[in-house]
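Residue numbers (the UniProt record's numbering): 1 to 77.
FYI, nobody ran anything at the bench for these hints, they're computed from the structure. Be careful, since some hints might not be right.
Across the chosen pairs, the derived CB separations fall in these ranges [what the hints assert, rightly or not]:
(1) K35 - T76: 29 to 37 Å
(2) I66 - Q9: 16 to 24 Å
(3) Q16 - K59: 19 to 27 Å
(4) T76 - N36: 28 to 36 Å
(5) T76 - N33: 25 to 33 Å
(6) S50 - I75: 23 to 31 Å
(7) S37 - T76: 33 to 41 Å
(8) T76 - I44: 31 to 39 Å
(9) V60 - P13: 14 to 22 Å
(10) T76 - Q9: 30 to 38 Å
(11) N70 - Q16: 14 to 22 Å
Here are the simulated DSS-like cross-link-like pairs (lysine-lysine), alpha carbons at most 27 Å apart as the crow flies [as the list claims (entries may be wrong)]:
(12) K32 - K71
(13) K32 - K19
(14) K59 - K19
(15) K59 - K2
(16) K2 - K35
Glycine included, every Cβ here is placed at the ideal spot set by N, Cα and C.
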Amino acid sequence: MKNVIIYTQDQCPPCQFVKQYFDQNEIDYTEKNIKNSKFKSELIDLDSFSTPTVLIDDKVFYQVDIESFNKALGITQ
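Model the full structure from these sequences, guided by the hints.
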């Protein structure tokens, strides 16, 4: 199973979209809201300054790209 982390923030429609997509496809993930300064620092360490940022194992996705998420997760649709 892949390790999936979603960096989010409040009032972020794209964040909600990604979480909903993963929930609907029964993909386990850890949500890290950047309101927490530790998670915000982690996000900056990934050279990202926007949400959602998705980390699948060691691959960072800086924008919502369902096709790339599926490929990284080995999902065919």
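These are the hints, each one checked on the structure:
no.: 1; hint: K35 - T76: 29 to 37 Å; result: holds (35 Å)
no.: 2; hint: I66 - Q9: 16 to 24 Å; result: holds (20 Å)
no.: 3; hint: Q16 - K59: 19 to 27 Å; result: holds (22 Å)
no.: 4; hint: T76 - N36: 28 to 36 Å; result: holds (35 Å)
no.: 5; hint: T76 - N33: 25 to 33 Å; result: holds (31 Å)
no.: 6; hint: S50 - I75: 23 to 31 Å; result: holds (24 Å)
no.: 7; hint: S37 - T76: 33 to 41 Å; result: holds (39 Å)
no.: 8; hint: T76 - I44: 31 to 39 Å; result: holds (34 Å)
no.: 9; hint: V60 - P13: 14 to 22 Å; result: holds (21 Å)
no.: 10; hint: T76 - Q9: 30 to 38 Å; result: holds (31 Å)
no.: 11; hint: N70 - Q16: 14 to 22 Å; result: holds (19 Å)
no.: 12; hint: K32 - K71; result: holds (23 Å)
no.: 13; hint: K32 - K19; result: holds (12 Å)
no.: 14; hint: K59 - K19; result: holds (18 Å)
no.: 15; hint: K59 - K2; result: holds (11 Å)
no.: 16; hint: K2 - K35; result: holds (25 Å)
No hint from the list above goes unmet by this structure.
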